[in-house]
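> If you want the building blocks of each chain, they are given just below.
Number of protein chains: 2
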Amino acid sequence: MLIEGTNYIGYSTSARGSEKFQAFSPSGNSFLPGDFTYATNEEFELTVALAEKAFANYKEISAKEKAIFLEAIAEEIMALGDALIERCVAESALPVARITGERGRTCGQLKMFAQLLREGWWVDARIDTAQPDRQPVPKSDIRRMLIPVGPVAVFGASNFPLAFSTAGGDTASALAAGCPVIVKAHPSHPGTHELVSKAIIKAAQRTEMPEGVFSSLYLSNEQSIQLVQHTVIKAVGFTGSRHVGMLLYKAAAERTEPIPVYAEMSSTNPIILMEGVLKTQPEKIAKELTASVNLGVGQFCTNPGLVFAIESDATSAFLKEFSNQFSSSTPGTMLNRNICSSYTKGANILSNTDGINILAKASKTAAGERYEASPLAFTVSSKDFVANEQLANEVFGPLTLIVLCKNAEELHRTLLSLEGQLTATLHSTAEDEQALKPVIDIITQKAGRIIFGGYPTGVEVCHSMHHGGPFPSTSDARYTSVGTAAIYRFVRPICLQDFPNHLLPEALQNHNPLNIIRLVDGQWTKEVIAG
Amino acid sequence: MLIEGTNYIGYSTSARGSEKFQAFSPSGNSFLPGDFTYATNEEFELTVALAEKAFANYKEISAKEKAIFLEAIAEEIMALGDALIERCVAESALPVARITGERGRTCGQLKMFAQLLREGWWVDARIDTAQPDRQPVPKSDIRRMLIPVGPVAVFGASNFPLAFSTAGGDTASALAAGCPVIVKAHPSHPGTHELVSKAIIKAAQRTEMPEGVFSSLYLSNEQSIQLVQHTVIKAVGFTGSRHVGMLLYKAAAERTEPIPVYAEMSSTNPIILMEGVLKTQPEKIAKELTASVNLGVGQFCTNPGLVFAIESDATSAFLKEFSNQFSSSTPGTMLNRNICSSYTKGANILSNTDGINILAKASKTAAGERYEASPLAFTVSSKDFVANEQLANEVFGPLTLIVLCKNAEELHRTLLSLEGQLTATLHSTAEDEQALKPVIDIITQKAGRIIFGGYPTGVEVCHSMHHGGPFPSTSDARYTSVGTAAIYRFVRPICLQDFPNHLLPEALQNHNPLNIIRLVDGQWTKEVIAG
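Protein chains in written order, with the working numbering: chain H, 1 to 531; chain Z, 1 to 531.
Treat the hints loosely; a few may be bogus.
For identical chains, the list gives no copy identity; a pair is met inside one copy or between any two copies.
In the DSS-like style, the derived pairs of lysine-lysine whose C-alpha atoms are separated by at most 30 Å in a straight line are [stated by the list, open to error]:
no., residue 1, residue 2
1, Lys-111, Lys-139
2, Lys-279, Lys-139
3, Lys-437, Lys-111
4, Lys-446, Lys-59
5, Lys-437, Lys-383
6, Lys-111, Lys-526
7, Lys-139, Lys-64
8, Lys-320, Lys-406
9, Lys-364, Lys-284
10, Lys-446, Lys-250
11, Lys-250, Lys-345
12, Lys-526, Lys-64
13, Lys-53, Lys-20
14, Lys-446, Lys-139
15, Lys-320, Lys-345
16, Lys-59, Lys-437
17, Lys-383, Lys-53
Source of the hints: derived by calculation from the structure; they are not laboratory data.
Please work from the sequences and hints to get the whole structure.
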């Protein structure tokens, strides 16, 4: 499939600019075919104007039609066939099986939001009926539901070139909410981005969506800031580093009109190993933890970068077992050159920090020419850990730091010192239960998701998933970027008072034509309202 | 009742500072008894530390106990009796009947949140049960609910000394959510604030709440910024001017950890009068609109400051009728000296702006020594209105500007030029319906609440109320400051994966001990889960 390298502005392709770049294959240590052209400022403005115009029409399109559009995107992505998989593998160095799975997840998310639109209850309809005879003043009829906020800017992730990128969760949830999307293409996988952009646009045309419901651009850093600050943009979705996420957040805070910035940034995803589990299942934990740290060359936002345990004989035995297991890890090519050099730098800093001990490393040497990362496991005392706040920072890659505490009190204090996390994980047995309760209490304040006896990698896409958490794991702990609740990032309530029934949106009409559950006079019900 | 003028730090009173101020009665043009002492920095830090400590305990207290606490606050406020009413009337110049009604609303809000806590469904429990046999990977058991964010700073309003102040909607919803509250006392009604603070603390002690669940301080502007920027504070509620609201918003944006700032600021609450209603009900509309503009000397955030109509004979006849009605308005004392001087300044600017015509004014002269505002109604062409964006700014007080449009297209364009609003109001008859639809479409994008055939003043406190809207009416259009949904400002989701049933919070346990509606495997149900 020919790579054109153009911007996708509504239904047109456009490449009027002179600045270009190429995609790079880290595993092949070579540039890939295709010249990608940065958008000019005129192209940028045209795109934003189209999104604004599209919003006026797109928000009026029925939920059913939007659902068909989302499903069509999934179909068109599948229709790209092996060309998508091949390009994505070349650009990301992720294996075929992983990318194939990620494509399935991406299409699954689109279909999940289509299903949510068909069910319709997500608009959170609330109705308080009139009481004309109430004293001292009559009560009005008041009805409330959620509506889309307007055009959304999406900044995709390097580590999920499909599921958190061009047609990923942010795009799917924004389109489901009724918001046009402008995607800033990730320079780490522009060819993948181009193929997916084409699929979305084909789906939009096929299902007769308004032009501008989706556009995508290659943008400079400066233009990225301009996008976040543009008056037409009403929300921002971002997945990436803390540094860039906070740049976008700060840029948005400078706007006249504040808008929400949903930045999913950095998390070390602490794992807490309780005494009982270390005594009874050291081999199992050592093996599973090694696998979780190394999954996808450690390039997950939920990668377990910190492990906590209280010193004991069982802990010493576990560390030995873990060291053995971990030494069999193998180096792997990272997503791109920047990520690889950041990893190497972070690993070197840790290796040369007083108090940090190397517990295990891969026996095989990482191949620099393939931008490989060498898995590393360290230990540190909780005293040294707390004294040097740099140690709590995320090192993105297959690296974990085991923090050894003297006793329960030190464990609690050390956990209290942590910043906010996407996840925290507990491993314990029944005998740990009393000791576990204060730990749960502390990490509930620190994390968005707590996993009992499992691993944080592998995020289920469902209604009850919360993939978010206190800062710096995200910029807004109230919202998730995974699961159906992700749609709430791109909506706001509208309240309609004393409206004639026929002028109300269907979700709020008396006879409940959508057959959705609603809060009517304080009761959740699907019943119709006499009127 | 003796006014002590101290800060309320947990269960202690404290006035170590040397800077003091007095309350002023605008209607009496005199200072009121009591010296109020600004907090020292030590007192400030002690208060914040107490709030942090209280959070650890308060969040664990059962919903039922929190409900009893909220109800006890309402009881203690009522127990203040006439002393509260008298002081509040003296400080605000609002009439006894209004303050008595506002006290009822304040207590009603507290009881409403108590009821919400007893019902329990507001935690938005979502459960996806495990599928251990799912291929290719087993599905975990995942459960999600809302939990409190932490200590909240509340900045009350001048124009609702009870319902939007010390024990107002922000405090009630934050306490209901499980968050300790620190109130920054409003200098316009410090005596009222002191009495209500005492009532809250009495209720907290009587119901054995942790010390620090509520504190209140007299703060300098600099300390107010410090409060918003303090690491312990996790959210801010504010009601007041756009200028101050945005100062707090910008201060929060400078924090390392972003937190939500819910600032309810400025709104001109456009009223759109369609041809049919002007033809058939000119007298009724003229009378009602006059009353709405003058209600509470125009000092409501929902005061109708802009009116839109298309020029016609009916419009001319209406303007004449409105002018007659409005001329019978009488001046009234404003809430405080600053508000009065701002009103006079804003009114003078409008009076001297080219293209603005005075349509009506009160025949009686405003008494400067009683800080009265003189009601004013102006007209302007939509052309002149759009050309001068200053004209769209809120002038807080009994003033309205009627914008006359040449035709429907000009009406639409003018409405499109407006900033975000708390409310918009439509007056129309059946014959207007075709012309009304594009108007509804435009104002849905501009406002948080749309009133059909009524007036924006008078905000019902209920489940479906949305008192919020696009910027600058608020800093966060996703949230309301009135009604049960106000609780969502102070919570975030927590997700628990594969937890043993007995370690789950009650809201998420299999047997549904709270008997709340939950989203279980995609179905909203109160059913128990087999487990």
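> Work down the list of hints and note, for each, if the structure agrees.
Hint check:
no. : hint              : verdict
1   : Lys-111 / Lys-139 : between (42 Å within a copy, 18 Å between copies)
2   : Lys-279 / Lys-139 : between (65 Å within a copy, 27 Å between copies)
3   : Lys-437 / Lys-111 : neither (39 Å within a copy, 33 Å between copies)
4   : Lys-446 / Lys-59  : between (37 Å within a copy, 14 Å between copies)
5   : Lys-437 / Lys-383 : within (23 Å within a copy, 66 Å between copies)
6   : Lys-111 / Lys-526 : both (25 Å within a copy, 27 Å between copies)
7   : Lys-139 / Lys-64  : between (34 Å within a copy, 29 Å between copies)
8   : Lys-320 / Lys-406 : within (18 Å within a copy, 84 Å between copies)
9   : Lys-364 / Lys-284 : within (23 Å within a copy, 87 Å between copies)
10  : Lys-446 / Lys-250 : both (23 Å within a copy, 25 Å between copies)
11  : Lys-250 / Lys-345 : within (26 Å within a copy, 35 Å between copies)
12  : Lys-526 / Lys-64  : both (19 Å within a copy, 28 Å between copies)
13  : Lys-53 / Lys-20   : within (29 Å within a copy, 55 Å between copies)
14  : Lys-446 / Lys-139 : between (43 Å within a copy, 25 Å between copies)
15  : Lys-320 / Lys-345 : within (27 Å within a copy, 77 Å between copies)
16  : Lys-59 / Lys-437  : between (47 Å within a copy, 15 Å between copies)
17  : Lys-383 / Lys-53  : between (58 Å within a copy, 24 Å between copies)
The structure does not agree with numbered hint 3 stated previously, though it agrees with all others.
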